[in-house]
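Colleague: Model the full structure from these sequences, guided by the hints.
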Amino acid sequence: MKHNELFENILDEKSHSEIKKMIPLFKKNKDFEFEISFKKIDYPNYFRIINHYVNNTDSNDIEMTDMLDITILLSNNTNYRVTMLGSEQADTFISKFSGSNNYDIQKYLLGLSSSKTIIIIYKNRKTGIYVPVDELDMNIKLVQEENTKSKPITTGNEKILYRYKRNRISFSINDNVRIDTSEVQQSYSLSNLTTRFHQYEIEMEVINRDISILEFWNQTYNILKIIQNSNYPITKSEAKHVIEEYSNLLNLKNITHLDTRNVISLEAQHIVKFIPNKYGIIDKANGERYILFSIREGVYLISMNLVVKKTKFIFNNSKYLNMILDGELINLDKITLFMAFDVIYENESDKRYNEIFRLPNRINTLNEIIDNAFGNLIPFADFVSTKKDLELNEIKKFYTKELKRYWKDFRVKIGEINEGDIFITRKIQMIPYGIDSCEIFMYADLIWKLYVYDELPPYKLDGIIYTPINAPYMIKTSPEKIDSIPMEYKWKQPKQNSIDFYIQFEKDSSTNEDAIFIDNSVNKNTNNSYKICRLYVGLVKGGQEKPIPFKVNGVEQKAVIYLVDGETKDKEGNVINDQMVVEFIYDSVRTDLDDAFKWIPLVIRNDKTESVMKYKKRYGNNSNIADRIWKTIINPINEEDIASLADSTSYQKQMDLISKRTISNSGQSIIYYQKKSADAIGMRAFNNWIKSNIITTYCKNHKKILDISCGRGGDLLKFITVGVDMYVGVDIDNNGLYTINDSAFNRYKHFKKTIKNVPPMHFINADARGLFNVKSQENIITNMSDDNKNLIKTYLSSNQKYDVINCQFALHYFLSDELSWNNFCKNLNDHLELNGYFLITCFDGKLIHDKLIDKSKITISYTDNKGKKVTFFELQKIYSDTDINNIGLAVDIYNSLISNEGTNIREYLVFPNFLIESLKEKCGLELIETDSFFNLYNIYKNYFSQNKIGNKDDKRYADISDFYLMMDQKYRSKYTTEQIDIATSSFKMTMMNRYYVFKKKVGVDLYESSRIVGINHRINVGKILTPYFHSNKLIIDIDLQSTDANKIYHKLRESNKYIKPHVYLIKHIINEDDFEKEKLIKNKFILSKAKKGIDSKLLLIYKSPEKIFYPIYYESTVGPKYLLNSEKVIDDIDLLIKLTNEHL
1 MKHNELFENI LDEKSHSEIK KMIPLFKKNK DFEFEISFKK IDYPNYFRII NHYVNNTDSN
61 DIEMTDMLDI TILLSNNTNY RVTMLGSEQA DTFISKFSGS NNYDIQKYLL GLSSSKTIII
121 IYKNRKTGIY VPVDELDMNI KLVQEENTKS KPITTGNEKI LYRYKRNRIS FSINDNVRID
181 TSEVQQSYSL SNLTTRFHQY EIEMEVINRD ISILEFWNQT YNILKIIQNS NYPITKSEAK
241 HVIEEYSNLL NLKNITHLDT RNVISLEAQH IVKFIPNKYG IIDKANGERY ILFSIREGVY
301 LISMNLVVKK TKFIFNNSKY LNMILDGELI NLDKITLFMA FDVIYENESD KRYNEIFRLP
361 NRINTLNEII DNAFGNLIPF ADFVSTKKDL ELNEIKKFYT KELKRYWKDF RVKIGEINEG
421 DIFITRKIQM IPYGIDSCEI FMYADLIWKL YVYDELPPYK LDGIIYTPIN APYMIKTSPE
481 KIDSIPMEYK WKQPKQNSID FYIQFEKDSS TNEDAIFIDN SVNKNTNNSY KICRLYVGLV
541 KGGQEKPIPF KVNGVEQKAV IYLVDGETKD KEGNVINDQM VVEFIYDSVR TDLDDAFKWI
601 PLVIRNDKTE SVMKYKKRYG NNSNIADRIW KTIINPINEE DIASLADSTS YQKQMDLISK
661 RTISNSGQSI IYYQKKSADA IGMRAFNNWI KSNIITTYCK NHKKILDISC GRGGDLLKFI
721 TVGVDMYVGV DIDNNGLYTI NDSAFNRYKH FKKTIKNVPP MHFINADARG LFNVKSQENI
781 ITNMSDDNKN LIKTYLSSNQ KYDVINCQFA LHYFLSDELS WNNFCKNLND HLELNGYFLI
841 TCFDGKLIHD KLIDKSKITI SYTDNKGKKV TFFELQKIYS DTDINNIGLA VDIYNSLISN
901 EGTNIREYLV FPNFLIESLK EKCGLELIET DSFFNLYNIY KNYFSQNKIG NKDDKRYADI
961 SDFYLMMDQK YRSKYTTEQI DIATSSFKMT MMNRYYVFKK KVGVDLYESS RIVGINHRIN
1021 VGKILTPYFH SNKLIIDIDL QSTDANKIYH KLRESNKYIK PHVYLIKHII NEDDFEKEKL
1081 IKNKFILSKA KKGIDSKLLL IYKSPEKIFY PIYYESTVGP KYLLNSEKVI DDIDLLIKLT
1141 NEHL
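Per the UniProt record's numbering, the very first residue in the sequence shown carries number 1; after that it's consecutive.
One should not assume that every hint holds.
Stated by the list, open to error - Simulated crosslink set (BS3-like; lysine-lysine; CA at most 30 Å straight-line):
no., residue 1, residue 2
1, K476, K492
2, K476, K319
3, K40, K14
4, K492, K401
5, K789, K801
6, K481, K495
7, K1067, K1128
8, K756, K793
9, K718, K1128
10, K801, K920
11, K284, K334
12, K1051, K1092
Unchecked claim - What follows is a list of derived Cβ distance ranges for each label pair:
no., residue 1, residue 2, range
13, L252, I625, 16 to 26 Å
14, M304, D58, 31 to 41 Å
15, M304, T721, 50 to 60 Å
16, Q800, D259, 44 to 54 Å
17, L539, K27, 53 to 63 Å
18, I625, K857, 34 to 44 Å
19, T721, S1088, 28 to 38 Å
20, E419, T386, 30 to 40 Å
21, D656, I314, 52 to 62 Å
22, T984, R48, 55 to 65 Å
23, L539, K614, 14 to 24 Å
24, N76, R48, 33 to 43 Å
25, N913, P1105, 21 to 31 Å
None of these hints come from the bench; they were simulated from the model. Glycine is no exception: its CB is placed at the ideal position from the N, C-alpha and C atoms.
Modeller: Next comes the structure, spelled out in structure tokens:
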């Protein structure tokens, strides 16, 4: 249809005549405004339209402002309008006059004069022309607006219309028209203006006075395409006709939504009861559910809410008329995809309830339709058509290759489609052959990993749909029996499971304002003022929806929302007000918080809030849906579960675990303020001390740091203290980065306020299993913000390099499969500078593997003070002993320090030899040093078990010392039995850890003076000297060096002429031996008195292996001090060296 034909068909002669008058009047008279306003724009469409124009308009052609229009409605059908520009001026006026009468307001308005921020006009409605076009929900109008200095005579009785236009954006899209978008609050009373619900307005204003009628229709048509999100705008009458035809065909009455198959969230019980060998799978993209419906007038797409879109297709073949396909509409950058996945009605055959038409039959029919009706069937080979033997590994290899070929051909095909057109095809349905119960999960795992991490399709994945093979399209059941028969299920990542709640804040009884509470228990680095809101969901009774409290096992749920700049806000910074609908997630990881602190607000649901305000509908999620989502939150099925079910060697063990989880969670209730089973303070301090030593050694001297899996920023202070230049933290959990009260970003903000010289720190929501670019990460991270995209572009671009990449206790997540590991290694290789370091701590996979031979698990328990045996840590083997892979060997870990009882975390074994060889091969990394925590523990034993060294007032030192002493029979009488048991349990757990340091270079420099540990696991005294120097603020001055110690002595005496200090030398010697073709390095230190002084002051000088002398200074609050006051430093160092020699 040509652009002007649409309007020719729906406008009567009078309307045509009126519009034709508008063009010459507008051309002649500069006081006339010519515009079209589009009606009935809801929030989601308004937001989509704005995004379109923002992305397609030059920033110089976009203007944004807030304005308040105040219109005095005069009796002679004219209006006197005052427009105040800017929110500050508007808000001041509202605050000042909200309690005033019309007379006083009019008097004030008539006293104003035009200025840069105030516009005053007369609008003469008598001279205007108005043409309503109801078929397209738009009004065409030509209105005379005259700037004036004259004032009308008013009585004070005239009505005043207030229109507050927030975020008014003007887009100058070409020389002919401008698009204005506004969020409008409108009222005849100033007192309630800011509480009115928002209306969303789109206007096209003609700015070219020489515009022709044809160009006017062309511009209008183009904007209608944007508003309707279709290349073929449709009238209300045509859309109504399509819905009537659809209803008649399926014999439906008074419908308000499509009659399609219901999809419910996949739960653990469904996997155990129904899925194996009885289901097929397809991918679920980030599109919308639509059906394709063909009638004589053409082919249409209908949304779940009965929004009709027209396509360019018309069928002459009666076989394809009255055809209904179920599918998903996916918007790409240039074109739209309709991906059909099932057949509802075809060739006069209703497939909905007919048992004959099982899934394989319907898929064959669908393929024929796509091929013959649309010509878009991209071939996808069946394994049995090319192979004879059904063997799982061969099937997986075949479909891996076939999927890659298919999507390559798919991209070529859509590249031939004209911009703005729609491409109609079918989704790939994977149906198992039934050779093994794990087969369907193998397909699900394959689809997920190839689509998400290898980015095969041109769209983002939202989940996986499981469809029963032997059932008709529709499955009849009642709500109470929905879990007793096979249904269609949708799986998505647990982190996406959220619930929309209608909220009401608790009130202060004396003021009836929102109550504000103070939390004195939170860390000092966080905000402590908060509000409490009650959480509601929707329930329909008697045709009327009402909000009801969301309950878990009878407990009404509440949420604590901390204040930011005095306001409760969502993650996008929007203010959360009372009686809004807000999307929440539940932080099930935190075991030490009251449940109300675990509900985290994500975003305000403006569409549902608007529905509540206007229609008293959509109070968050429906009650039944919210209950089901809650089940997936407390008992999630994650991609690691699917991966283990996909492997025949781990299938049964994983199925047993899921079955046990199903039983144990069937009556699970919320536990308020659940105390962790044990604190294990000593182990935590010991682990942190090791991390601090590694970070101190390798991150000093103004390094740029990339911290992969930084979590909630527990190590930020370590990097700040060591003086890094820049820090970038990456983590898959956006809540830990930004949302929760003790997030990494909140910690950073606190440190900036309380510590000097905090470096720039940036936090990026990303998954290192995918490549570090926006496109790849958008496939993994749902609903990624523009800010996060910009951070990825800036700090994870291919040319951004880092001196150190840090990965503490997280590397195991990236060894789930070959694809994830390859992507991780590419990220590492792309972003680590030459001669840069890669720092790792993780479980020693070989050690654990050896412990688990012929065993199913490792359990570490202790006895509490009530005599009850408590599991402190448990590691369950998921893999088989016959599995010889170095990647993907899964274990489930329960750690009582971070998890609720019965909650396991899936990890993968990290084998030292594989890690060393793989990083060398893929990234060019050489091992600098590695050691087990057990060896480190023994090396430091003399240091922490004696009382002559160290600052006993330092809590961390004291905690570590207690940790050692509780392991020593001689000192156990000082501690309770429970303390000793907990320390012993935590000792057993942490001794399975190992650390590594790699360097990106061709060869390893065995003489690196910064190293903590010798490469061949020989003891290096620097292990003890380095942390001692750091904790006592002793620093080697690398800038003041000489080959002659006397020169340093005399240089420093120039500013201290009357002081003759004692001089001590720390000589550093490196001995090198060959033993069985292996080069062994042994570091040796000697402390000696080089010069006897007169005064009590002393000068400490370090002599490097290269025979270079460096002075050592104490970093005080007033600057460096080279002349030390205390002989204790000498005694400490002397004792440290002796202790180490004894250990050797």
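Colleague: Decide, hint by hint, whether the structure agrees.
Modeller: Quick rundown of the hints versus the structure:
{"no.": "1", "hint": "K476 - K492", "result": "holds, 24 Å"}
{"no.": "2", "hint": "K476 - K319", "result": "holds, 28 Å"}
{"no.": "3", "hint": "K40 - K14", "result": "holds, 24 Å"}
{"no.": "4", "hint": "K492 - K401", "result": "holds, 25 Å"}
{"no.": "5", "hint": "K789 - K801", "result": "holds, 18 Å"}
{"no.": "6", "hint": "K481 - K495", "result": "holds, 28 Å"}
{"no.": "7", "hint": "K1067 - K1128", "result": "holds, 19 Å"}
{"no.": "8", "hint": "K756 - K793", "result": "holds, 29 Å"}
{"no.": "9", "hint": "K718 - K1128", "result": "holds, 27 Å"}
{"no.": "10", "hint": "K801 - K920", "result": "holds, 18 Å"}
{"no.": "11", "hint": "K284 - K334", "result": "holds, 20 Å"}
{"no.": "12", "hint": "K1051 - K1092", "result": "holds, 17 Å"}
{"no.": "13", "hint": "L252 - I625: 16 to 26 Å", "result": "holds, 23 Å"}
{"no.": "14", "hint": "M304 - D58: 31 to 41 Å", "result": "holds, 36 Å"}
{"no.": "15", "hint": "M304 - T721: 50 to 60 Å", "result": "holds, 55 Å"}
{"no.": "16", "hint": "Q800 - D259: 44 to 54 Å", "result": "holds, 52 Å"}
{"no.": "17", "hint": "L539 - K27: 53 to 63 Å", "result": "holds, 58 Å"}
{"no.": "18", "hint": "I625 - K857: 34 to 44 Å", "result": "holds, 37 Å"}
{"no.": "19", "hint": "T721 - S1088: 28 to 38 Å", "result": "holds, 32 Å"}
{"no.": "20", "hint": "E419 - T386: 30 to 40 Å", "result": "holds, 37 Å"}
{"no.": "21", "hint": "D656 - I314: 52 to 62 Å", "result": "holds, 56 Å"}
{"no.": "22", "hint": "T984 - R48: 55 to 65 Å", "result": "holds, 60 Å"}
{"no.": "23", "hint": "L539 - K614: 14 to 24 Å", "result": "holds, 19 Å"}
{"no.": "24", "hint": "N76 - R48: 33 to 43 Å", "result": "holds, 41 Å"}
{"no.": "25", "hint": "N913 - P1105: 21 to 31 Å", "result": "holds, 30 Å"}
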